[in-house]
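Fit chain H to the known structure of chain E by using the hints.
Going line by line, the protein sequences match chains E and H.
If you count the first sequence from 1, position 150 lands on 150 in the working numbering, and the numbers rise without skipping.
If you count the second sequence from 1, position 86 lands on 261 in the working numbering, and the numbers rise without skipping.
No lab work stands behind these hints, which were simulated from the structure alone.
It cannot be assumed that every hint is accurate.
Here are the computed lysine-lysine pairs in the BS3-like style, where the Cα-Cα straight-line distance is at most 30 Å [said to hold, decoys possible]:
(1) H:K177 x E:K42
(2) E:K42 x E:K165
(3) H:K177 x E:K165
Pairwise CB distance ranges, derived in the manner of DEER restraints [to be verified]:
(4) H:G213 x E:M36: 38 to 44 Å
(5) E:L141 x H:A182: 26 to 32 Å
(6) E:P83 x H:Q255: 39 to 45 Å
These numbers were taken from a predicted model, which means no experiment stands behind them.
We put the CB at the ideal spot given by N, CA and C, even for glycine.
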Amino acid sequence: MTASPIELTATADDHRIARYAAAAIALSVVEAAIPMPLPGVKPGLANIVTLIVLARYGWRDAVWVSLLRVVAGSLLLGQFLAPGFFLALAGALASLLALGLAMHLPARAFGPVSQSLLAAFAHIAGQLVVARLWLVPHDGLFTLVPFFALAALLFGLANGLAAAKLLEDAGPPHP
Amino acid sequence: MKPGDWAVLLALAAATAALAPVAFRGGAAEKAVVRRDGVVVAELPLTQARRIEVAGALGTSVIEVQPGRARVAADPGPRQYCVRQGWLTQPNAVAICAPNHVSLSIAGRASSHDSLAY
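With the rest of the complex left out, here is chain E (with noise of 0.2 Å):
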């Protein structure tokens, strides 16, 4: 076997990111099976891991675990470069934005559990304007916003939950 010109080391980081994401797609995956009554809504399970990574490692890890979780889970499911992955996108990247904003909010007051709704609307909001601005480019799509911010309110507050016992249970990170 000839040697490889391009040597690429994976860091301590690069594998614990790589093990969170991991965990984040295979969520994508199992919940791209679950029926949902109205397109576009989806639980967000993979945002239990997004969460975890915020609370344990910060918002520069976070941010690499959910847009590796969008492009590969996007490959995985067919999806990569489609019209849902772009608003998958649009929504992790508000979510992240809604993220890095809330993360600085007293934790003494609030929790994975604020974070998570605040995120779980960012996400809509995100996904609402590039759909509006690009997909439907009719007004009649908001005639779907309540339904979508009842999704975001149910599924934000699960999502939040889930992070806040898997974080009590866990305890302190030890890198």
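Quick look at chain H alone, frame taken from chain E:
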């Protein structure tokens, strides 16, 4: 759940509840629009019953309006598609009597989309 989490949850729940009316805003049918060769010849409010006659290419089409609905009651066209369509009630519903160059459509307050497809 920390106190701030409850506050965020309640605030967003209130926002969601406030959005609920948007889902049921649906455009109400307001008036019947009658066209001959694509030109509007009559706009009838769907509040009172009326019958009008429209002279078309073959003969006279009769448009009947009742509160909340409208139909083509009679048409000289050979296949009677627009007559057999019956009462139109939804905004953007349309009955076209092509042979006679006459059409009847229902308009809402703001003309809205027919449907959303994914």
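Here is how each hint holds up against the structure:
{"no.": "1", "hint": "H:K177 x E:K42", "verdict": "holds (26 Å)"}
{"no.": "2", "hint": "E:K42 x E:K165", "verdict": "holds (21 Å)"}
{"no.": "3", "hint": "H:K177 x E:K165", "verdict": "holds (13 Å)"}
{"no.": "4", "hint": "H:G213 x E:M36: 38 to 44 Å", "verdict": "holds (42 Å)"}
{"no.": "5", "hint": "E:L141 x H:A182: 26 to 32 Å", "verdict": "holds (30 Å)"}
{"no.": "6", "hint": "E:P83 x H:Q255: 39 to 45 Å", "verdict": "holds (42 Å)"}
Checked against the numbered hints given earlier, this structure breaks none of them.
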